[in-house]
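> Let the hints inform the model, and build the full structure from the sequences given.
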Amino acid sequence: MPATTFLETPQGRKLAYHRTEGQGPWVVFLGGLKSDMEGTKATHLESWARARGQAFLRFDYSGHGESSGIFEDGCIGDWHEDTMAAVAALTEGPIIAVGSSMGGWQSLLLARTVPERLLGLVLVAAAPDFTEDGYWASFTPAQKARLEADGYVEVPSDYMEPYRISRRMIEDGRSRLVLRDPLPLPFPVRCLQGTADTAVSTETALRLLDHASCDDMRLTLVKDADHRFSDGPCLGLIEAAIEDILTAAG
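All residue numbers for the sequence shown refer to the UniProt record's numbering, where the first residue is 1 and numbers rise by one.
Note that these hints are calculated values from the structure, not bench results.
Glycine included, C-beta positions come from ideal geometry on N, C-alpha and C.
One thing to keep in mind: the hints can contain errors.
DSSO-like, lysine-lysine: derived pairs with alpha carbons at most 27 Å apart [stated by the list, open to error]: (1) Lys34 <-> Lys223; (2) Lys34 <-> Lys14; (3) Lys144 <-> Lys34.
Simulated restraints on C-beta separations [to be verified]: (4) Pro233 <-> Ser175: 35 to 41 Å; (5) Pro184 <-> Ala89: 25 to 31 Å; (6) Glu72 <-> Leu209: 18 to 24 Å.
Pasting the structure below:
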């Protein structure tokens, strides 16, 4: 395994990354909240891309994995800046963004910011606007009071230790929402969603499908697949979605 390399962003953060040279378009994996680039999907897709001779990038947002920073200090906007910096410095030409969970939201922010760079999107259990529609909407009055008084609140996770969610993350998230205003996606989009996902509901996937403006957008529901979406058949579906976009692009 090649050694991890680091990119210093315009904001002064150091992002850990692995970059695989190959033919374009670049496939860029955008991970989920508190996930890192050593996860099953990221490393599997890297091996898949290397076998094809496909250019591939995986990286850690600040406060995640090997990158600099503390998770609790970060927010959606910081990680959007990280994504933009990594794409600008480490890829060339068209890209296919593969966004998992929070990475799905990051993929949509990327598409809104530089649509000319996107050949297509693969969204796996995408969680757009989750800080508002998931966290804030479910907080009790006591949790909202603690968020205001202490600056953070802890929320449980089905997959790891509780998340410490900051007031800054909630407030910044409100300026990054993608399901309130028009969301043009002028390229193929493939959405994958497990029906046994306890972190992101099928209703979220259907809301995104209904809201976005896209001439070639498809949603695949996978019975009994959970939020990880990382077993053999699910990984095969992610590969197939990328290949479908490559075929559509000609």
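> Confirm or reject each hint.
Okay, the hints, checked on the actual structure:
no. : hint                          : in the structure
1   : Lys34 <-> Lys223              : holds (25 Å)
2   : Lys34 <-> Lys14               : holds (16 Å)
3   : Lys144 <-> Lys34              : holds (22 Å)
4   : Pro233 <-> Ser175: 35 to 41 Å : holds (38 Å)
5   : Pro184 <-> Ala89: 25 to 31 Å  : holds (26 Å)
6   : Glu72 <-> Leu209: 18 to 24 Å  : violated (33 Å)
Of the hints listed earlier, the one the structure fails to meet is number 6.
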